[in-house]
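As they're listed, the protein sequences go chains P and S. Per the numbering used here: the first sequence = residues 1 to 208. Per the numbering used here: the second sequence = residues 1 to 315.
Derived by calculation from the structure, the hints in this document are not laboratory data. Using N, Cα and C, we set each Cβ at its ideal position, and we do this for glycine too. It is possible that some hints are incorrect.
To be verified - On the chain S side, residues computed to face chain P include the following (Cβ under 8 Å):
{"no.": "1", "residue": "TYR19"}
{"no.": "2", "residue": "ALA31"}
{"no.": "3", "residue": "PRO49"}
{"no.": "4", "residue": "ASN137"}
{"no.": "5", "residue": "GLU138"}
{"no.": "6", "residue": "THR276"}
{"no.": "7", "residue": "LEU280"}
{"no.": "8", "residue": "LEU284"}
{"no.": "9", "residue": "LEU300"}
As a plain string of letters, each chain reads:
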Amino acid sequence: MSNAQIERQWTSRLRHRVVEKLPPEKLLPDTQPAYVASWIYVFGVTTMAALGIVILTGTILALDGPQWWHSSSLGHFINSMHLWSVEIFFFAMVVHLWGKFSMAAWRGGRSMTWVTGGVTFLASILAGFTGYVSQTNFDSQWISTQAKDGINATGGGAFFNVLNLGQMLMWHIVLLPLAAVVLTGLHVIMVRVKGVVPPFEETTEVSA
Amino acid sequence: MTKKAFRPDVDAPEYKGAYVPYDIIKEGAIAVLVVLILTAALALVFSSPDEKAITIKTWSNADTVDFAQTAGDELTGTSAVAGYGAPYNNNGTAQHWGFLAPEHWVGVHIPINTTNDFVINPLSDQPAQPRLTAALNEWKSASSATQSAWGAAYAKVEAKLTYSNGQVHLPTTAAGPIPVLLSYETQMARSGALDQALIAQNGFYTTNYTKPLLFISDGTYFAGLASKQHLAGDQWGMMNETGQYPGQAWLWLYTFWYQISPYNTSASGDFLVWGTMMILTALLVLLPFIPGLRSVPRRLKIYRIIWREHYARQA
Numbered sequence: 001m002s003n004a005q006i007e008r009q010w011t012s013r014l015r016h017r018v019v020e021k022l023p024p025e026k027l028l029p030d031t032q033p034a035y036v037a038s039w040i041y042v043f044g045v046t047t048m049a050a051l052g053i054v055i056l057t058g059t060i061l062a063l064d065g066p067q068w069w070h071s072s073s074l075g076h077f078i079n080s081m082h083l084w085s086v087e088i089f090f091f092a093m094v095v096h097l098w099g100k101f102s103m104a105a106w107r108g109g110r111s112m113t114w115v116t117g118g119v120t121f122l123a124s125i126l127a128g129f130t131g132y133v134s135q136t137n138f139d140s141q142w143i144s145t146q147a148k149d150g151i152n153a154t155g156g157g158a159f160f161n162v163l164n165l166g167q168m169l170m171w172h173i174v175l176l177p178l179a180a181v182v183l184t185g186l187h188v189i190m191v192r193v194k195g196v197v198p199p200f201e202e203t204t205e206v207s208a
Numbered sequence: 001m002t003k004k005a006f007r008p009d010v011d012a013p014e015y016k017g018a019y020v021p022y023d024i025i026k027e028g029a030i031a032v033l034v035v036l037i038l039t040a041a042l043a044l045v046f047s048s049p050d051e052k053a054i055t056i057k058t059w060s061n062a063d064t065v066d067f068a069q070t071a072g073d074e075l076t077g078t079s080a081v082a083g084y085g086a087p088y089n090n091n092g093t094a095q096h097w098g099f100l101a102p103e104h105w106v107g108v109h110i111p112i113n114t115t116n117d118f119v120i121n122p123l124s125d126q127p128a129q130p131r132l133t134a135a136l137n138e139w140k141s142a143s144s145a146t147q148s149a150w151g152a153a154y155a156k157v158e159a160k161l162t163y164s165n166g167q168v169h170l171p172t173t174a175a176g177p178i179p180v181l182l183s184y185e186t187q188m189a190r191s192g193a194l195d196q197a198l199i200a201q202n203g204f205y206t207t208n209y210t211k212p213l214l215f216i217s218d219g220t221y222f223a224g225l226a227s228k229q230h231l232a233g234d235q236w237g238m239m240n241e242t243g244q245y246p247g248q249a250w251l252w253l254y255t256f257w258y259q260i261s262p263y264n265t266s267a268s269g270d271f272l273v274w275g276t277m278m279i280l281t282a283l284l285v286l287l288p289f290i291p292g293l294r295s296v297p298r299r300l301k302i303y304r305i306i307w308r309e310h311y312a313r314q315a
């Protein structure tokens, strides 16, 4: 097989495209622009770190089924870690979101980075909600019976039955974490490809 | 060919300044470690809430009259679930805004007939008892007009319902077999058999608690417990947790609409809240493409605080 034939392979083309768009020095940079110097930048990586702890504690909770944490002190502790990592995750994510809003971080061809971040936020809200209704306690009973009215009003309740524990648990431990992780991955790749948005030029003419 | 005008809210200036060392792996590792320690510390100090789930058994023993009255409403088709509409039945008016009525368009997908599903079928599965069998036969063989007449008679005296010696008492003789049916239903509930009967309607293996949850939610006992835990809708309940724990605080805006008119007064309040939130969500996600809105951060100038060192270097 000639070199030309090899270069025409789908695999070769994909590799070239990936390396061109995201060379190793962009994927794992060792320098960054000097303007990236604020505590606000910490909240993106904090969100990802909290997501990691959420998934880790959720995975441990999943090992012995959805109810063992009610009767095990270890299980209750892991559940507590799951709860608090979720609270940290959302806190960091919201600060990250408003920080990026304040920087208009969609500028310079970064609009899809903003969009994937926004959709990740929505997927995370849904993941959190399905977790709350999967607790198999009073809280889950109350939240599910209250939430059904809003979802039913949209017509969605016919297909997304919040009173069906099995359905909610599957969404919570499989579908939504998968969506959150994939979306986060895409979001981070876009950040690495485009880099961190530069500051506004203070002398720029105004024309939205 | 003219050069495209620079749009400050869409385009970003090319950065030609300095670069500084940055260890992305170290940053990530430190973040994971800090969050792990913080999470473990919060879990150790504050733990997490776990209020035990209520059952129909605990409800009917704690507030027997409320249970029996609710069962009466289910039997006579006057409960909230009985008149809910889609996706459970066709008895209610779908929430809508103008011609937009997706609840109605989708229709019934989780059929619930409260009379049969919550009362008649569970009682019919009980071991034969002459008094119960006679009451069930009387109900089943009656015309719907007769059943409605019994229901109307029941509704008039429902508030005076009492329970003693394992029997439901109603100060009327016009309610047909309703007092007997409610007596057996209440006995069944207090023994725990009704919990199992409602769940077992889905077969041996099930993870679907739609029926018992809907039944429980029709009573006032459940809402009373939630209100004590500040979980009710008018208590910003959606973002609260049992006890003093933080709940889904990120739902504050969604919860906010339920506190104000017209959302908290309209019969289609849920639909209006969801419609409003969908529009706001679309605005948030599509912000980069909306002229005017995308200029807000530049006009707010909060970015000057974030990039103050950069601007100081430029000055």
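For each hint, the structure was consulted:
This hint holds: S/TYR19 has a C-beta 4 Å from the nearest C-beta of chain P, less than the 8 Å allowed. Taking 8 Å as the C-beta cut-off, the interface hint given for S/ALA31 holds, the closest approach to chain P being about 4 Å. Using the Cβ-Cβ criterion of 8 Å, the hint placing S/PRO49 at the interface with chain P is satisfied: the shortest such distance is roughly 7 Å. The beta carbon of S/ASN137 comes no nearer than 32 Å to any beta carbon in chain P, farther than 8 Å, and the hint placing it at the interface is violated.
For S/GLU138, the shortest C-beta to C-beta distance to chain P is roughly 32 Å, which exceeds 8 Å, and the interface hint is violated. Residue-level restraint check for S/THR276 is violated (minimum Cβ-Cβ distance to chain P is 11 Å; threshold 8 Å). About 11 Å separates the beta-carbon of S/LEU280 from the nearest beta-carbon of chain P, more than 8 Å, and the hint is not met. Nearest Cβ of chain P to the Cβ of S/LEU284: about 6 Å, under the 8 Å cut. The hint holds.
Below 8 Å, beta-carbon pairs count as interface contacts, and S/LEU300 has one with chain P at about 7 Å; its hint therefore holds.
Hints 4, 5, 6, 7 from the earlier list are contradicted by this structure; the remaining hints agree with it.
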